[in-house]
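Going line by line, the protein sequences match chains A and B. For the first sequence, counting from 1, position 597 maps to 597 in the numbering used here; every step adds exactly one. For the second sequence, counting from 1, position 578 maps to 578 in the numbering used here; every step adds exactly one.
In short, the hints are calculated from the structure, not lab data. Treat the hints with care, as some may be off.
As the list makes no split between identical chains, a pair holds if one copy fits it or if it spans any two.
[Stated by the list, open to error] Subject to a maximum C-alpha distance of 27 Å in a straight line, what follows is the list of computed BS3-like cross-link-like pairs (lysine-lysine): (1) 644 x 632; (2) 516 x 575; (3) 19 x 415; (4) 88 x 54.
2 protein chains.
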Amino acid sequence: MLDALFKPKSVAVIGASAKELNIGNRIIRNLVEFGYTGAIYPINPKVDEVRGVKAYKSILDVPTEVDVVHLPVHAAAVPQIIEECGRKGVKFVILNGGGFSEIGPVGAVIEEECIAKAKKYGIRIFGPNCQGIINTALESRAYCNFTFTRPDPGVVSLVALSGGVAELLHQTLFQMGIGTRMYASNGNACDVSIPDILRYYGKDEGTHAVVLYVEGLRDPQTFLKAAQEVVPKKPILAMKAGRTEAGAHAAASHTGGLAKKDITTDLIFEKAGILSFHDEEELCQAAGIFTTQPIPKGNRVGVITNTGGPAVIATDVLVSGGLTIPPLSEKSTAILKEKLFKEVIVRNPLDILATANADHFRSGLDAMMDDDGIDSIFISMVTPFFVDNDSIARQIVEVNNQKRKPIVCTLMTDKIGCAETVLIMKDGGVPCYDFPSSAARALTALSKYGEISRRETGSVKRFDDVDRGKAEAIVKKAQGAGRKMLDAAETYGILAAYGIPVADWKVAANADDAEKTASEIGFPVVVKVDSASVVHKSDVGGVALNLQDGTAVRAAVEKMGKAFQAPDLKFLVQKYLSGGKEAVVGAKAEKEVGHLVMCGVGGIYIEILEDVAFKLSPVTDIEAQSMLSSLKAAPLLKGVRGEKGIDEKALTDVIQRVSQLVNDVPVIQEMDLNPIIAFEDSLFVVDARMIL
Amino acid sequence: MLDALFKPKSVAVIGASAKELNIGNRIIRNLVEFGYTGAIYPINPKVDEVRGVKAYKSILDVPTEVDVVHLPVHAAAVPQIIEECGRKGVKFVILNGGGFSEIGPVGAVIEEECIAKAKKYGIRIFGPNCQGIINTALESRAYCNFTFTRPDPGVVSLVALSGGVAELLHQTLFQMGIGTRMYASNGNACDVSIPDILRYYGKDEGTHAVVLYVEGLRDPQTFLKAAQEVVPKKPILAMKAGRTEAGAHAAASHTGGLAKKDITTDLIFEKAGILSFHDEEELCQAAGIFTTQPIPKGNRVGVITNTGGPAVIATDVLVSGGLTIPPLSEKSTAILKEKLFKEVIVRNPLDILATANADHFRSGLDAMMDDDGIDSIFISMVTPFFVDNDSIARQIVEVNNQKRKPIVCTLMTDKIGCAETVLIMKDGGVPCYDFPSSAARALTALSKYGEISRRETGSVKRFDDVDRGKAEAIVKKAQGAGRKMLDAAETYGILAAYGIPVADWKVAANADDAEKTASEIGFPVVVKVDSASVVHKSDVGGVALNLQDGTAVRAAVEKMGKAFQAPDLKFLVQKYLSGGKEAVVGAKAEKEVGHLVMCGVGGIYIEILEDVAFKLSPVTDIEAQSMLSSLKAAPLLKGVRGEKGIDEKALTDVIQRVSQLVNDVPVIQEMDLNPIIAFEDSLFVVDARMIL
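Build the full structure now, drawing on both the sequences and the hints.
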């Protein structure tokens, strides 16, 4: 539990000096000025007090227990001080200083030493190379941090390793008037981790929404579990930076993370139901709407406006985000025709004209609140000088206070001239945005969280007809022989064990054998060389397609026999299939996260358009289906241009069987079923590859 | 010229009353308070003065000439007043009131009457149903408008029909501290149009950038010409709303525009070199950077930061926008290794650490300014309390004042605590943004304008081998016969006249004829029914593919003869081609804009993925080439998976020949060459359709 960190009864600051520009001094000032409710202990052998607070020569001299110790000092000095903190029984140390793993191996050694010492005494480390935490709760007022944004109590809690971004988000929430509940920026995060903090925020009743920034995930499985615990209780709004190759490089250079684009983080966000953002401003703005509004029951938006253009802009954004602007019910229409100006054309979006007064706004809002076809209300309001904007605002607030359906408002106004209108809306808890697009995106995020809350994630189907033991035995045998790449018989053997249909095949030792085998399988056939030393078979003439008779088979085998003089040379003879559609299913082990399962359809599409879908294993039935429907080439599945579609059920089965296989036999690092030839009522793997 | 509108020597306001909530009263107040330099004439028979300004009973009583008359009155009264204005010799009337074409046919009649009366007297109408204009130039200070944002002089001019959006943009520019030069919101725009205003802004030396909002283009050709005049002199930053089906409907409902998604506006923006935005905030933020920064010579960005995360975010946005973050030169690297903290790893992005002081920032900036591999500089700056942020800001300003390369800055700070830092940057003309993403997008827009300034648009190739007379004769004959759909012989005849290769074909009257024709053409052949009454031939069994001999041809023709009993029934016999790749080229007349020319490649891609590219005719050589390269299936052109590519030159030729054809014979409303079978060194149209 992180209670002693976020609700410390006492905070000591080691190295706090009387100098204004000293970080320890600033932490003391922050604690004092923000009204920290616990005891503050500056630790400095050379001074009697810091900012009027009595100082102690050593942490060991402090008269009470100490929950949190700030160590805003350079790395070299830290291990020794942790030792002292251990003897004192300190619960958390916040290592604000740099010089740890972020500077390379020398710092990493010190970091390890700190971890070891802390472990010895049961101390938890926050950081190092970090800003610290904040808890704005009245009973704590813990501003354990040296940054510049004065905390403002709110219901959004935020967490980011990056101090710069944490501060940016914090400042933004402050400027938006939303404030924060808790704040954590834990730098190198050598001990207290993002999942720890997420879990803590999840349990904190004062936190209604969590804002998260990451550049990659250290321990994705733990992260996923923590997020899955939190999301049903409150939304997590997250941004992952380092999305581009160059961005990932920039991230790696300051975090030591992986310098490559990762799709795993997106998949984890999706699986956990985290709302994902690509823009830091949008992230904060979306957080704002969660602070006051109920979650909508559906995606149908009623739009009320007193000016045309902004409603057009909002409609574009709402609809692009998957929401709909349905017609109003007959009842609503009848009521509104009665109550609005006669020039008003009653429809959705509903333009009640610039001259609309408070009654008109109220009528529109009431009608939409009563309309069963509407789940949320978007208000676009400009403040012409010739109407009573304050009264309009009061009506909006009244309806908002009913909390029947969520409301969002783009309030386009002169914030000085119309300060009162702005204030009425703010005090009334109406989420107001300067821009129609921002307001629309915030409502989209709110609706999306509603969707996530309602979504069916499906179940992981366990296929009972699989022979796990057989697959494991094949793998074990290959491992015993020191091989990483499985041969055709092994690969197809494992597929057979997992009920994945493969085009009829048999391995032949020579031309005679191949000819005989081919006639058993039935023509036409394919012949492929099968040898550990031949990797890209088709590129080197190791594949002969569509052989129509025994003579052709013999000729092909003899030619390959000459071309490939490998001692383990064999020949795979396989039924040649034509006329179906190509599909691909694969899996790949990702460090610490399990396997990614991949699927694509349509042959050439997969390569040219990178038209593939990924999910984390284990893949549920619903996820497998959504993999297919998310492909750009999805219409191919149903058939187009008079061509037949494919057996989707069989393909989702293969996806799930592959998922089960890599879960059961996780030593499989990579596997590709490529291509699968899919027909209207069946499919067959015609080439496959497995690497341990 | 719009001088008398934007620089009026006198402004009269008809119907200005003493009441605060009266629009005329507000306009007079705005003129007075903003310090309008000309004469103000309230016109009201019932009062002696309005806001201390002497009032006149009638416009005819005004003692001097009148440049602009505001008519903030309802439509019905307007025509009569225009008549009076005409007699007075007024130059412009601004019709602020509603009740015109925006409410339907009744209002449209009044609008027409106003136009007629104005024309009679040579008066120009601004509006109706509009807000008006503003010119902040010191010598004018013309605030001819009743909205709430107090104008703040600047170098950005803006124009939008929508009053709500114009005011939103105006307010945003005000809040950003950018201000505006001129402002025009012309509502129904029955006379003075957006192109008129663009041209005027283009010639105004005080306007450095133009911000434009549209929901559709009224007279696209004129708009295109005006924009093409302006863009080489100054950037136009534009947003088109109504991008989605629902958004277009919302737009149509308040402008009476077309309720459909239009791609023409995008194509016109592209052709004119207008910078296109999908977000109103982004639009304004991008405008900001043009107010102070030079245009970069290329897309290579140097990033300097004193905190890691925000630079990662910026890198993602910059790179996604087509910019690059190249390595620093050896010389820069050597200098920086000398001048920065020893812990700094010298690279791009360059993280100079949170403890960096003014000298460190200056060294980084100077190195990048001197580095020939860098075209612009992105600064990411947080303001830690322990460094002298004001001095850093002063160094940035000094470098900025050199105007060697553009600078943009994300300044993440406490705007109150660091007010001085913020002020130094602002006064120094450094474009500062709260968010790394916003700053990066602004720099992307600036760089994109640089690209546009440097771009080659190519030339429209005139093919001399075409026979325009023949094509016109074919069209005339069909028109004479009252036909809109051309038959196969006509269609192919026109294609032949324009040098577009068609697979060998001939029309046969009966089976004998067809069999003979087929052997002349050479097998295999296709047979298609050719009759005006059969439209979707292939859906109704009117196409027989890949006929290998005379018997097959005879059988096909006889079968079709029975199935289709049309009196004009003939049979098109055509060479059957196989093995190539499919492509599509088409053209479609768009109201008032000419023709859109379309191209796609890859058969099934075109339908499933809507993978097509459009350009406005006439299509230049470079545009034709860029159509191909912009296709998702573009790699198909070069060949993939061992397949051969296609003759790109031949395909761009067809695009340009089609462009020339629809320009020469604009009565062609729609034509489709679908499919074209393309080979490595040739291509042939195998089916085509033309509608007049």
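Exercise. Of the hints stated earlier, which fail here?
Worked result: Nothing - there is no hint that the structure violates, so all of them hold.
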